[in-house]
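Spelled out from the first residue to the last, the chains are:
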Amino acid sequence: MTEKIKIKSKNVNVYYGQKKALDKINLEIPTNKVTALIGPSGCGKSTFLRCINRMNDTIDICRIEGKIIVDEEDIYSTEVDPVLLRAKIGMVFQKPNPFPKSIFDNVAYGPKIHGIVNSNDELEELVIYSLKKAGLFGEVKDRLNDTGTSLSGGQQQRLCIARAIAISPQIILMDEPCSALDPIATAIIEELIDELAKNFTIVIVTHSMQQAARVSQQTAFFHMGSLIEVGRTDQIFSTPSQKKTQDYITGKIG
Amino acid sequence: MNNLKKIEYSLKKRKRQESRFKIYGLLGIATAVSFLCIILSSIFMEGKKAFLSTYIKLEVYFDPDIIYTSNDQKEEDIKFANFQKIIKNSLNSFFPEISDKGELRKLSNFISSSEEENLMKLVLKNKQLVGQKITLWLLASSKIDVINKNPDMELIAEEDRLISDLELNWLNEIRSANNIKSNFNKNFFVKADSTEPEQAGIWGSLVGSFFTLFVTLILSFPIAVAAGVFLEELAPKNKFTDFIEVNINNLAAVPSIIFGLLGLAIFLNVMHLPRSAPIVGGMVLALMTLPTIIIATRASLKAVPPSIREAAIGLGATKFQTVTHHVLPLSLPGILTGTIIGMSQALGESAPLLMIGMVAFIVDVPGSFLDSSTVLPVQIYLWKSTAARGFVELTAAGVMVLLSFLILMNGIAVFIRQKFEKKW
Ligand SMILES: Nc1ncnc2c1ncn2[C@@H]1O[C@H](COP(=O)(O)OP(=O)(O)O)[C@@H](O)[C@H]1O
Ligand SMILES: [Mg+2]
Numbered sequence: 001m002t003e004k005i006k007i008k009s010k011n012v013n014v015y016y017g018q019k020k021a022l023d024k025i026n027l028e029i030p031t032n033k034v035t036a037l038i039g040p041s042g043c044g045k046s047t048f049l050r051c052i053n054r055m056n057d058t059i060d061i062c063r064i065e066g067k068i069i070v071d072e073e074d075i076y077s078t079e080v081d082p083v084l085l086r087a088k089i090g091m092v093f094q095k096p097n098p099f100p101k102s103i104f105d106n107v108a109y110g111p112k113i114h115g116i117v118n119s120n121d122e123l124e125e126l127v128i129y130s131l132k133k134a135g136l137f138g139e140v141k142d143r144l145n146d147t148g149t150s151l152s153g154g155q156q157q158r159l160c161i162a163r164a165i166a167i168s169p170q171i172i173l174m175d176e177p178c179s180a181l182d183p184i185a186t187a188i189i190e191e192l193i194d195e196l197a198k199n200f201t202i203v204i205v206t207h208s209m210q211q212a213a214r215v216s217q218q219t220a221f222f223h224m225g226s227l228i229e230v231g232r233t234d235q236i237f238s239t240p241s242q243k244k245t246q247d248y249i250t251g252k253i254g
Numbered sequence: 001m002n003n004l005k006k007i008e009y010s011l012k013k014r015k016r017q018e019s020r021f022k023i024y025g026l027l028g029i030a031t032a033v034s035f036l037c038i039i040l041s042s043i044f045m046e047g048k049k050a051f052l053s054t055y056i057k058l059e060v061y062f063d064p065d066i067i068y069t070s071n072d073q074k075e076e077d078i079k080f081a082n083f084q085k086i087i088k089n090s091l092n093s094f095f096p097e098i099s100d101k102g103e104l105r106k107l108s109n110f111i112s113s114s115e116e117e118n119l120m121k122l123v124l125k126n127k128q129l130v131g132q133k134i135t136l137w138l139l140a141s142s143k144i145d146v147i148n149k150n151p152d153m154e155l156i157a158e159e160d161r162l163i164s165d166l167e168l169n170w171l172n173e174i175r176s177a178n179n180i181k182s183n184f185n186k187n188f189f190v191k192a193d194s195t196e197p198e199q200a201g202i203w204g205s206l207v208g209s210f211f212t213l214f215v216t217l218i219l220s221f222p223i224a225v226a227a228g229v230f231l232e233e234l235a236p237k238n239k240f241t242d243f244i245e246v247n248i249n250n251l252a253a254v255p256s257i258i259f260g261l262l263g264l265a266i267f268l269n270v271m272h273l274p275r276s277a278p279i280v281g282g283m284v285l286a287l288m289t290l291p292t293i294i295i296a297t298r299a300s301l302k303a304v305p306p307s308i309r310e311a312a313i314g315l316g317a318t319k320f321q322t323v324t325h326h327v328l329p330l331s332l333p334g335i336l337t338g339t340i341i342g343m344s345q346a347l348g349e350s351a352p353l354l355m356i357g358m359v360a361f362i363v364d365v366p367g368s369f370l371d372s373s374t375v376l377p378v379q380i381y382l383w384k385s386t387a388a389r390g391f392v393e394l395t396a397a398g399v400m401v402l403l404s405f406l407i408l409m410n411g412i413a414v415f416i417r418q419k420f421e422k423k424w
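Chains S and D, in that order, give the protein sequences. According to the numbering used here, the first sequence holds residues 1 to 254 in order. According to the numbering used here, the second sequence holds residues 1 to 424 in order.
Looking at chain D on its own, in the form it has when it is part of the complex:
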């Protein structure tokens, strides 16, 4: 009876302990989730604006006097024609009262400079346009875009605002004539970097990331799997293999920037491979990913039950047959999961790539493994460190794209694990 009382007393204490522990756990999770929500929602609120851009409707008159500077009306003329002036005149015809040169220049800055080339291409294709007046939606410049998307900015004092009161008045006039609209920002998905936010896109760095990761995968997967299989299944257990094992585990913990320095010293300075190229970036990231995949390979080889090996060996399979016919196929889901996790780490990596020059300002979408390019996280870093206000939204949108790819890759890893995992 006495004993039972004691147990009852201590049981209460133990139960209290348990519920306290539960509360700590819940608090921890709640904090983590709320931080995640704050980060994701602020990125999303900012980034979603980058997926739209602002267009202004103008009556564009393709003035033959401006386009054809020579008498024989050559194609060359169109190529070198002053389309800036055509745009300026179109704006001027909407605001006929403006005549001051400085004000006109400000007005013509409403339209993105990329439209000059677009108009030129349009005329090159349809020469009959010369002399005609047509209505076109032209891409607005970034500052107009930013003001249009963030109406609260109009309330800021003039000296702190992106545009002056005068420009704001013009914008409101365009608005009241219903000559402004927001539309899908195609540039963001087809272009590379640019000094003008409205012309900058993520595609260039996406392609760069793709090339880089491709090189990483091609190099690291076979090497790491071979190394993992050798160490786990075939190598004798001695001091030397122990030494290698310890070093591989240490390598996984080496800060990534060290791999970048190594790449700079060896791939660029000794082997003279091209700077800023995905092939070098891929090689550096492969070095970084190798230990991750080796460790995953060894762990999943270890997880294959010894009974399967015994069954194969008992039937007279050689060591090699045992590994290739049974052990490796069974551990493949684990190996692939580890590989994808290693690859998504590589996708998010920027520090080592800064070392080998993948931080350059690159306007062209890379076409091969040797072209200068950048990668998603570096592009985000570049945009973040640029002053122009329009890049704020692009940065957030870039983060969204990067996160989407990371989630996609991890989703594939989870899928593989659940789909192909064998139960014993």
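The following block holds chain S by itself, in its conformation from the complex:
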């Protein structure tokens, strides 16, 4: 592949206590493309995703070996501040988790704590911009002061996406963002992911192969803590080179 590489993992091993969850992961993720991580439940997709923004730091028993390089910099080197890193790498979680605050405050929170905006007008502009980007503004413009938790599941998830993009990250990590949503809400979010890929590098974990096929340009298949195969999405789903991949996409394992 000739694309620019945004994230590069080199021999990444992850342990939870004594248990090894990821084994020698080497994966390159291209800039401004959607990369899907697929694989059976418990294979370590979320673990890998959470290594990219050092979310695993919050788990006491979690230990990471190897290197993850984002923009030529090893994010696990001592000079890197994980708080700063997370401002650059946004995350959307499996279950929509808006703060129990107003819709406006949900989106405004990131810009506020990072001191991105200088005035209230600027903040309002940014909140509206982010909500528009997340395709939610039309539905909530009359009730920005309602609590985020009063929205439907799909709307909540888009609110979380708006909240993530409000601090203009370069990368957005999504951990099964549609698993708690109905098909219509899922379709809306998938469309949104296509749109966002123009400006962001997106890594999405999904248990649905159809979803991976629909939204991603690159797909990585994980199995029992190992990266089995990675390649262009169309190629992975049509002519996988590994037997295990073949078995998984045909439903023999999973």
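In case anyone wonders, no lab produced these hints; they're calculated from the structure. Hints are supplied without guarantee of correctness; some may be wrong.
Unchecked claim - Lysine to aspartate or glutamate pairs mimicking DMTMM-like chemistry, simulated, CA-CA at most 25 Å apart:
no. : chain 1 : residue 1 : chain 2 : residue 2
1   : D       : K88       : D       : E117
2   : S       : K4        : S       : D71
3   : D       : K319      : S       : D74
4   : D       : K319      : S       : E73
5   : D       : K85       : D       : E173
6   : D       : K319      : S       : E65
With chain S fixed as given, assemble chain D with the ligands onto it according to the hints.
Then chain D with the ligands, alone, in the frame of chain S:
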């Protein structure tokens, strides 16, 4: 078919089991409720009498010969005048036939001794009263009050009764002249303790309780919340923090009197803080309340879903921002509920306060954290252990006041929990 029969048979058994269980539950509740009713109604029946006191109407003649002992009619004279004699004379004018000294003394005991000072103050304010005769309602002494409120006591044999047959006759004469009435007992709500039941009030110990609980709250709330947040959110999980955790949980189970002994040993004997003072009582109760609030704080921090923390951390909030912006506000209702419950425990606590001398007989309403004072439960204990019959009603009334405050505080706790609890 055979199987279905078996299931049917066992189903009957299971249903019987269930209904038996229900009956046990209902019986348990019925017993608990009836005990509660008995306790509350007996307290209420007795205590409500304390909210009224008895007054006797008298023609009071402010005799200048008694009041002005010197020729130049100074204010000093009024202050030291023998108002006891004025009251005695007023009673005597209602019962002109009595002349025996001993009987007259008994008669003058119908009126509360506090009225002497009240009359003195009245004359000091209105000097033109001297030489005049006016009609006044004077507070009856406690024994008259008790007999008047409990008519069945008149039937008791004379030697077991609070007053003699003679006194009872006088009382009946006053009654038939319509010179006796029951009115709101203001003393109970504005005075502190007294040796005379009719002059004793709950206000002094209420203020003492307020000062004490204020100190308790100011000390325990910030310390306990800080400790809870540190242990739950920031401290590394290791042997040392485990050790602290175990000890805090144990501390919550330590009998309160131990805290009193600790207060006596450290606050009084080492630090030489004033004895019987709300500040020391507050410190002792704060020690006792700390573990309660710490445990409540940790429980409500734990109850905040991890997804909220992840959301904040994922946005690049620091650990501290995550806690102060999201986790703590969400757990505040739980923390406040725990605090109020801890405070109402402290309000009802008496044993540790006995240790640091808050059991003293205190006639003045405390004015500061350093004044000697007592607290509600100790005041109840003091009244209960006093012999005079009039204190029986005061004790019950004191319990009513204490219970009202406890119910109020727990009501606030329930309100906070329902109002601010977030649902996910
Ligand atoms: N916090 C944790 N503590 C201990 N083990 C964990 C933790 N999170 C995940 N694991 C383990 O790591 C493995 C990979 O989990 P995960 O990355 O969540 O899988 P996936 O997202 O692919 O379903 C699983 O075996 C899981 O049990
Ligand atoms: Mg997962």
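Here is what the structure says about each hint:
For the suggested pair K88/D and E117/D, the alpha carbons sit about 14 Å apart, so the restraint of at most 25 Å is met. With a C-alpha separation of about 10 Å, the suggested pairing of K4/S with D71/S holds against the 25 Å cut-off. A C-alpha spacing of about 22 Å is found between K319/D and D74/S, which places the hinted pair at or below 25 Å, so the restraint holds. Among the hinted pairs, K319/D with E73/S is consistent with the structure: their alpha-carbon atoms are about 24 Å apart, no more than 25 Å.
At most 25 Å may separate the alpha-carbon atoms for a hinted pair to count; K85/D and E173/D meet this at roughly 21 Å. As the CA atoms of K319/D and E65/S are separated by approximately 24 Å, the hinted pair is consistent with the 25 Å bound.
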